[in-house]
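Peer 1: Residue numbers (this note's numbering), protein chains in the order written: chain A, 1 to 359; chain B, 1 to 376.
These aren't lab readings, by the way, just hints derived from the structure by calculation.
Glycine included, each C-beta is placed from N, C-alpha and C at the ideal position.
Among the hints, a few may not be true.
To be verified - Just some of the chain A residues that point at chain B, by a computed CB distance under 7 Å:
1) L130
2) R137
3) L164
4) P168
5) P169
6) S173
7) G232
8) A234
9) V248
Unchecked claim - Calculated pairs, SDA-like style, for lysine to any residue (alpha carbon to alpha carbon, straight line, at most 25 Å):
10) K5(A) to L14(B)
11) K4(B) to P168(A)
12) K286(B) to G302(B)
13) K62(A) to Q347(A)
14) K261(B) to Q159(A)
15) K339(B) to V359(B)
16) K322(B) to L164(A)
17) K4(B) to V141(A)
18) K322(B) to G223(B)
19) K259(B) to R137(A)
20) K259(B) to S184(B)
21) K92(B) to G79(B)
22) K160(A) to K311(B)
23) K5(B) to K160(A)
24) K350(B) to P168(A)
25) K160(A) to P115(B)
26) K311(B) to A288(B)
27) K72(A) to F59(A)
28) K350(B) to E209(B)
29) K339(B) to K72(A)
30) K347(B) to A155(A)
31) K259(B) to L157(A)
32) K293(A) to D3(B)
This is what each chain is made of:
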Amino acid sequence: MRRDKISSFSLLALLFISRLMSRLIYIPPRAGPGGGWDEILLTIVSFAANALLFLPALFLEKSGGGVIRSAKSPAARRLSASFYAVLFVFAAVQTIARFDFFATLSMSSRPLAIPFSLLLSAAACYAALLGLTALSRAGCVIGFLMALSLTALSAALWQKYDVLSMEPPFSYSAGEMSDNLIHSSFLMPETAVAAVLSDSTRGGVGKKYFAFLAFSAAAVCAVAFIPAAVFGQAADTRLFALFQCATVADFGSLGRLDPIIVSLWIGGAFVKASLFLASAVISVRQANGNVKKRPAAVFFAAVTAFAAWRLSRDIGLVSSPALNVIEQVLTGICAAAVPLAALIRVQKRKKQREAGPET
Amino acid sequence: MKDKKTVKGFFIALLCCLFFAGCSGSGKITGSELYAESVGIDYEDGGFVCTVQVFDPDTGAVTYQEQQESMTTVIGAAGDSVAGALSQIPQKLSRRVFYSQNKVIVLGQSALSVPEQSLDFFLRDWESGLNTRLMIADGDAATIINADFGGVVNPSERLRLAAEGERTGGSSGICTLLDIVKASADDTLGLAIPVMRLQNRGEDNEHLECVSSLLFAGLRPVGELTAEQSQTLLMLRNRASSVEISLGGTEQTAVELTKIKTVTDVSVEYADEGPAVICRLDISAKGAVTQSASHAEIDRIGSLITAQLEKRARQTAESAAKYGCDLFKIAQRLRYADKNYYRAVRKNWKGELSRVRFVIRADCVITKTGDKTLRM
Chain A
1 MRRDKISSFS LLALLFISRL MSRLIYIPPR AGPGGGWDEI LLTIVSFAAN
51 ALLFLPALFL EKSGGGVIRS AKSPAARRLS ASFYAVLFVF AAVQTIARFD
101 FFATLSMSSR PLAIPFSLLL SAAACYAALL GLTALSRAGC VIGFLMALSL
151 TALSAALWQK YDVLSMEPPF SYSAGEMSDN LIHSSFLMPE TAVAAVLSDS
201 TRGGVGKKYF AFLAFSAAAV CAVAFIPAAV FGQAADTRLF ALFQCATVAD
251 FGSLGRLDPI IVSLWIGGAF VKASLFLASA VISVRQANGN VKKRPAAVFF
301 AAVTAFAAWR LSRDIGLVSS PALNVIEQVL TGICAAAVPL AALIRVQKRK
351 KQREAGPET
Chain B
1 MKDKKTVKGF FIALLCCLFF AGCSGSGKIT GSELYAESVG IDYEDGGFVC
51 TVQVFDPDTG AVTYQEQQES MTTVIGAAGD SVAGALSQIP QKLSRRVFYS
101 QNKVIVLGQS ALSVPEQSLD FFLRDWESGL NTRLMIADGD AATIINADFG
151 GVVNPSERLR LAAEGERTGG SSGICTLLDI VKASADDTLG LAIPVMRLQN
201 RGEDNEHLEC VSSLLFAGLR PVGELTAEQS QTLLMLRNRA SSVEISLGGT
251 EQTAVELTKI KTVTDVSVEY ADEGPAVICR LDISAKGAVT QSASHAEIDR
301 IGSLITAQLE KRARQTAESA AKYGCDLFKI AQRLRYADKN YYRAVRKNWK
351 GELSRVRFVI RADCVITKTG DKTLRM
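If we strip away everything but chain B, and leave its shape as in the complex, we get (with noise of 0.2 Å):
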């Protein structure tokens, strides 16, 4: 009987350590609080203008339409920095804003200058997630955070979705807060930050497109992907589930490209001239065309998409590597692949990379035309 009471006591005593730091000298979160979805970041006359979209969960609305018309605030306030201009907001809205939920971050392209004091406040706070998705407004981030998006979706949603490439095949890249972290300490590794600009739709809807990709060598900006490259790029990172792919010339039949995987290799080849280090790109696919086709046009439609995935696929590591800019970890894999020549060649990692030598090999299945699926 003792030691039972004598285990409640030190489990009493335990559970009051719990409240110790978390709750002492801190007010409790209570429904007065607004929590930031996504912040814009813009760079003006040697300051900063962030533009913050709150989300308030104690307007009392009831209807999935009230909350995406009332729950969702847009406020904006300049400062020196971001963690000065952040701090405007909540004397103005009389209310604390916790950044524990932000999904997404645009930076303006006036904010691309200064790159890391841009970021510098969400990499340093400690409340805010790394899982946090960056952006690159093809413009002002102001304007793409006060974007309407017809009150159909939730906006962050609407920007986080469009950050994702809307998950099913989209455009853009994704890019967080921790492959910056991870960028700031690895200067081989490279970012395709996605650029997006709103488009008009009519009936007022606007719609967000990735136009172009901005790459970078650590946190340094050294050239642009197109959309299309930037959308190649999803792909052999593994990351589209789905590519809808045009033949093109004056074929009109589309493809639906599903389970693509890329695998990438590093090598060195010791030749005479001197070695080299060879990337290869395997990449697979499944495919199904949305008409119905014989098996003679199946295999063309199949030899045509493959032709068309090494071409886009060359084009884009290309494009990278002539940048400087790893996005294929090249450099990772060389130092497993060969520690000493990966030591030779590391204070000068960009100029051996324009050197890389890309063997890009594609295989596409076409699995289902119109709605007939072949058996392999």
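If we strip away everything but chain A, and leave its shape as in the complex, we get (with noise of 0.2 Å):
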């Protein structure tokens, strides 16, 4: 049973790989304002925003009750995990789409003989099933060397920030800082993995999750700063910005990151589409205990792999505001609404069961 559990810093390991992977390879869906101080402040608003999502969650955790386990019935817990497994499908497929477009555009000028993203599926397949424990220790490894690189990256680029060249705070009008903060990452599916890892977690997540928050957010900013702050407004016309940031950046004798980032990018979006096909396999092992872990995971993943093929082959497909507008309202249903109604139904029959004696 203990073999199944990782640490609480191991679970922030792999949320803030996911989260950083979000955003290194997110494709807008169409050109418009984004970059400069706007885009950091929009950050930390949309990090404050998810702490106080995961506040049902933390007090459901705090009142011995799983996000699943504690539905009414177990038809309702079904459904629930179904919530969960989707979304968190539907999360590894738009990693796996959008690195697979990333990777054709940087790495290989020739089209590839086997589809990234079928590659990039099966490996995440064999991960989920090796289970959290081996994804957590590779999560660790994998966080450390990223964080590492960008802050390498951010000293390599020292001299070639152009602070000035960035728009300055409130440049933008409410209405357009509103519509940016919708079709960004203003909701985060990693709340929704922490709210049901929470029971594979030792000591579960906690307050821990927001620790992650708060590293997140400054890697976050930090990816929005580097681009903003070396090509100026140049940084909303390009794809993958940071990457390109990586080919300019001179260390020493070492004059291009880029193969360097490309490699750790590989490992982050291996992280991050295994650690939602491992959650979508727990999810919907919490609801019923007799579903093999095995043929859910090939499931899973045959499903992933065929989507985000599909999906890979049109950048317009994966940039699409409707898939963005679906993953923001199935992250709200489960990182907010299913905690929200789990920890209202505990809280009820627990002051059923405290009035229970005296009546």
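Mind docking these for me? Both chains are given alone in their own frames, and the hints should help you get the complex.
Peer 2: Here you go:
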């Protein structure tokens, strides 16, 4: 039993990689205002909003209930588990499709013999089968290396920063800001992952989730700041701007940092996709203990591989606003609505138990 | 034990991921590839002529002299576009050419009529870096790429140093592809690209000299700065570590300025006759006089240099502003200083720039005369 549990620090590392990768390979639905100080402000706002969203799951964990296990009936458990599974598979599909697009653009000038999405899905399926413990060990190493590479990159670009070329704060109207907030990563599926995996974490997720938010906010702000300070307004017109920054960074005799960045991003995308597939399997098994791990992981991986392969063939689909909205609605349900409903039910049951002996 | 095996398997799988896209479908880098070190682009009869200096790591040269002589080759090719011309080169050499290590791009005067098409390939290609320096030839780019620098230094290194103004008080400015990318997205940005001319030093050794700087507003050429103004620009941008400046007139004394620092500040003054943008340039420098001088002379030289610095800075700044080239990022500073005023004048920025008032203050302190270091 202990074998399936990971430390809260390991979970923090996995969630950190997931959030960082979301920002690194994010493809905006359309060109428009995005960069500069406003994006940094929006990042801070969105992380603060996610801290609030996690409160129901935190209180639920303190009262000893899991988000899926606390459901009223087996049917309700299955329904909430299916919401989580769909969200996690959806997040894995988006990760692999976006990374496939990035890999095709930046790593090889020729079409690959085997689509990258299929290879990454197969690797993620294998990692999901190995379990959370193995994944968390890789997550700690890759998370540390990714944080280190981000620090090294920001240091290597030191002489190229031109803060003046960034849009000053509050350059965009309130409408543009809110529009951008909605279309960027306002809701994070990591909140739902933390809620589901609190049962698989030694000592629970608890306040460590806020540490994850703080670390991730700092890293995501750095990812927003570096391209805006290096490219100025041109950052808004460039896909994967941080990767392009790595091509202009010099670090002593090391002329370009992009090969190092790419190799770490492959690891990051792999850990992220594996985390979501593993979470999908765990959520289904929390609703029904009879579900076998292997068939579930293979089924989810097959769905992910097909959807990611289909999506990655069309950049319009990968970045479509409709998919963003679907993901955000699902995240809203899984990160806030389901834990809130479970919390209300747990509190109600507790009150009934307390009132029971008196009556 | 089982855990260890699992982790090992996991890491092997992870390592395999590194090779999935990077190498699949591509040949691995061997000694049979060539590396472009500098590229010259000319525009002739509606097509492009590219002259590429390539570095061959596979010649077997041992000594430095042998390496200089045998490792560098210059090859030219023509095509409808830059990409088309460059694609001819591997066919001519029967070897693939990588552009990731390219240091300098030289644009011929003819290519200036189509600057976007000339640079398009290098701005889009993921392999070539945006750190590549850019310079303009005073004539054909091919002449500069083919120049004989005496075999003392690597030709492309020579070009790179020339593009950087030799790092120590040279007279050219630095412009990279990154600057072009930034200017293409923000047309208020001004660029100064050095114009280089080959000068014969005798003994068949040629030498590159910056004769002027071509000014661009966005990606449109708008005017030109003289060689002296180009040097002053480097100084004002805090990029010159040392500048030699003569006192002018009948004075023969030369002063070497070191530790030059310029602070730029932009504000809007709302006067009765209307608002005006003020750009303040505060230049501070430390100088060394090559020959011994008395205290009175030092004071006199200091004030002469200060006046000279102020004059040169004013001429340079006002010339650039007159052409509508914002070399001091006045628009960007104005966005922070007075956002509303910037929004009001944004559409007619070129006209507004010509009305900017420059307030220039220089301060030069002589810290060394002859071999004697003065105590401050």
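Peer 1: Would the hint linking K322(B) and L164(A) be met if the CA-CA limit is 25 Å?
Peer 2: holds (23 Å)
Peer 1: Against chain B, run the beta carbon of P168(A) and see if the smallest gap drops under 7 Å.
Peer 2: holds (5 Å)
Peer 1: Is the hinted pair K339(B) and V359(B) satisfied, with a Cα-Cα distance of at most 25 Å?
Peer 2: holds (21 Å)
Peer 1: When the nearest CB of chain B is found for S173(A), is that gap smaller than 7 Å?
Peer 2: violated (12 Å)
Peer 1: Does A288(B) sit within 25 Å of K311(B), going by the straight-line distance between their CA atoms?
Peer 2: holds (20 Å)
Peer 1: Take a quick look at whether K347(B) and A155(A) sit within 25 Å of each other, Cα to Cα.
Peer 2: Not satisfied, since the Cα-Cα distance of roughly 36 Å exceeds 25 Å.
Peer 1: Does the nearest C-beta of chain B fall within a distance shorter than 7 Å of the C-beta of P169(A)?
Peer 2: Nearest chain B Cβ about 9 Å off; hint violated.
Peer 1: Do the alpha carbons of K259(B) and L157(A) lie within 25 Å of each other, as the hint requires?
Peer 2: holds (23 Å)
Peer 1: K261(B) and Q159(A) were given as a pair; does the straight-line alpha-carbon distance stay at or below 25 Å?
Peer 2: holds (16 Å)
Peer 1: Quickly compare the C-alpha distance for K259(B) and R137(A) to 25 Å and report which way the hint goes.
Peer 2: Cα-Cα ~51 Å, so violated.
Peer 1: Let me know if the C-beta of A234(A) comes in closer than 7 Å to any C-beta of chain B, holds or violated.
Peer 2: holds (4 Å)
Peer 1: Are the Cα atoms of K62(A) and Q347(A) separated by 25 Å or less?
Peer 2: Measuring from Cα to Cα gives roughly 11 Å; hence the hint holds.
Hint compliance for this structure: hints 5, 6, 11, 19, 20, 22, 23, 28, 29 and 30 are not met, and every other hint is.
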